[in-house]
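Protein chains: 2
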Amino acid sequence: MSDAPSITFRPIGVLRSPYRERIDAPHQGTVVEGTESGEPAEATLELAPWVDERALLDLDGFDRVWLIYVFHLSDGWKPTVKPPRGGPRRGVLSTRAPHRPNPIGLTAVELVAVEGRTLRLRAVDLLDGTPVLDVKPYVPWADAFPGARAGWVDALDEKTGRLYAPGPRKPRKKPPPFPAM
Amino acid sequence: MSDAPSITFRPIGVLRSPYRERIDAPHQGTVVEGTESGEPAEATLELAPWVDERALLDLDGFDRVWLIYVFHLSDGWKPTVKPPRGGPRRGVLSTRAPHRPNPIGLTAVELVAVEGRTLRLRAVDLLDGTPVLDVKPYVPWADAFPGARAGWVDALDEKTGRLYAPGPRKPRKKPPPFPAM
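Residue numbers (my numbering), protein chains in the order written: chain A, 1 to 181; chain B, 182 to 362.
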């Protein structure tokens, strides 16, 4: 088969979150044990100027929204990756790793409020500065399949516990505001 | 805020499906009443030559995968859209309409089999020729929130029945193979 043409997207906004560095962020927004606060993080997404605010109408009735975004710190990919929770290398498309053929991320976050051009969000595993390409409403009858088998992830969950926290084992220390003497 | 830079993606493959035209496809893959066959459609996704086949390793243990794809027939967007199931215009980002700021689609499809470089899929609401940007494993503890409120969609479901089928009301007739006399 031949390649399909490339396509260019313009971010609809940039996420503001408390996670400044990769090591600080949980690997999924629902897994926060081991992060600095131990609480689901709040974040905001303000629409870029080119997106009409009316695009957000009716969104406030949804508990969750999908964010489709760019893993903007990803710089290349390999066909297999070593998941942070352990085990052998896996095919990258059977993982949620950021280093993928197209560095696109997907997370269902809690929608706290819609305030004008800004979404207030919770349980976000995204880094500050993440470019967001799309927001979609979470619709359980299209999106929720709680009984779906999840291959190697299920196997690892059985072994280590479902919400074994990836990410840093100890709270990260902030650097001192001025050089230490 | 200032705009974030645009980003270009290269499709990892092109979907082959029985749905040739927009009017033929269900609006979600799980809703097939009113389509020509009344059965969930099968489709295939073959990896483009630039993607190493090992990227698919370990995927076969998953019941479902996310497809992130391009609504390639979309040609522009408006801040509000009229959903096909009825009711007033809604903010486009509170719908799953194809005509969005970035024409990106998201569907959780059944994974039937992985055969070399090809995924066999079921319950696909995508048109033949759809460029696919990413495949991700469906992981219930990250993706399944069966109790999430779904705003105007819930309200419409209560009114018309949850699986009221959008799409054509009557089976589509195939054109005759040769011009009728």
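Think of the hints as simulated: they come from the structure by calculation, not from any bench.
Hints should not be assumed to be uniformly reliable.
Not the full set, but computed from the structure, chain A residues with beta-carbon under 7 Å of chain B [what the hints assert, rightly or not]:
1. 70
2. 102
3. 159
As the structure is a prediction and not an experimental result, all values here were calculated from the model.
Where is the CB? At the ideal position from N, CA and C, for every residue including glycine.
Structure-based check of all given hints:
no.: 1; hint: 70; in the structure: holds (6 Å)
no.: 2; hint: 102; in the structure: holds (4 Å)
no.: 3; hint: 159; in the structure: violated (15 Å)
Checked against the numbered hints given earlier, this structure breaks only hint 3.
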